[in-house]
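S.K.: Per this note's numbering, the very first residue in the sequence shown carries number 838; after that it's consecutive.
There may be inaccurate statements among the hints.
[Said to hold, decoys possible] The calculated label-pair distances, taken between Cβ atoms and stated as ranges, are:
id, residue 1, residue 2, range
1, G844, K897, 30 to 40 angstroms
2, K893, M838, 35 to 45 angstroms
3, K892, Q864, 10 to 20 angstroms
4, L890, R866, 12 to 22 angstroms
[What the hints assert, rightly or not] Below are the DSBU-like pairs computed for lysine-lysine, each with C-alpha atoms no more than 30 angstroms apart in a straight line:
id, residue 1, residue 2
5, K855, K897
6, K897, K840
7, K892, K840
8, K840, K855
9, K855, K892
Hints were generated in silico from the structure; no laboratory data involved. These numbers were taken from a predicted model, which means no experiment stands behind them. Quick reminder that beta carbons are idealized off the backbone N, C-alpha and C, glycines included.
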Amino acid sequence: MVKTIAGINIVCAVISAKWAMEMDYSQGRQLLFLIGGLIMGPFILLILYSYLLNKKQKEKSADARIAE
Numbered sequence: 838m839v840k841t842i843a844g845i846n847i848v849c850a851v852i853s854a855k856w857a858m859e860m861d862y863s864q865g866r867q868l869l870f871l872i873g874g875l876i877m878g879p880f881i882l883l884i885l886y887s888y889l890l891n892k893k894q895k896e897k898s899a900d901a902r903i904a905e
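I would like the entire structure built from these sequences, with the hints used as guidance.
M.R.: Structural data, given as structure tokens:
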């Protein structure tokens, strides 16, 4: 059980750092998201996903349409 949770958190940390890099955050902020992903796992992904949606909506991108 502990190994599974640790594995999920490591995957979330790597994805969080990658998304932060794609959103042009500084290296320090990328590192914070990596550490946050290790500790809080999917919650950090949810936070980054909402940042990504807000950024896309401000750019008026077709990718950011939210189904209603």
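S.K.: Each hint should be assessed against the structure and marked as holding or not.
M.R.: Verification of the supplied hints:
Distance hint check: the CB atoms of G844 and K897 are about 38 angstroms apart, consistent with the given range 30 to 40 angstroms. For the pair K893 and M838, the beta carbons lie near 37 angstroms from each other, so the given range of 35 to 45 angstroms is met. For K892 and Q864, the hinted distance range of 10 to 20 angstroms is satisfied, since their beta carbons lie about 19 angstroms from each other. Distance hint check for L890 and R866: the Cβ-Cβ separation is about 18 angstroms, which falls inside the suggested range of 12 to 22 angstroms.
Between K855 and K897 the alpha-carbon distance is near 23 angstroms, which keeps this suggested pair within the 30 angstroms criterion. Distance check on the hinted pair: K897 and K840 sit about 41 angstroms apart at the alpha-carbon level, beyond 30 angstroms; violated. With a C-alpha separation of about 35 angstroms, the suggested pair K892 and K840 falls outside the 30 angstroms cut-off, and the hint is violated. Taken as a hint, the K840 and K855 pair is honoured in the structure, with Cα atoms around 23 angstroms apart against an allowance of 30 angstroms.
Taken as a hint, the K855 and K892 pair is honoured in the structure, with Cα atoms around 16 angstroms apart against an allowance of 30 angstroms.
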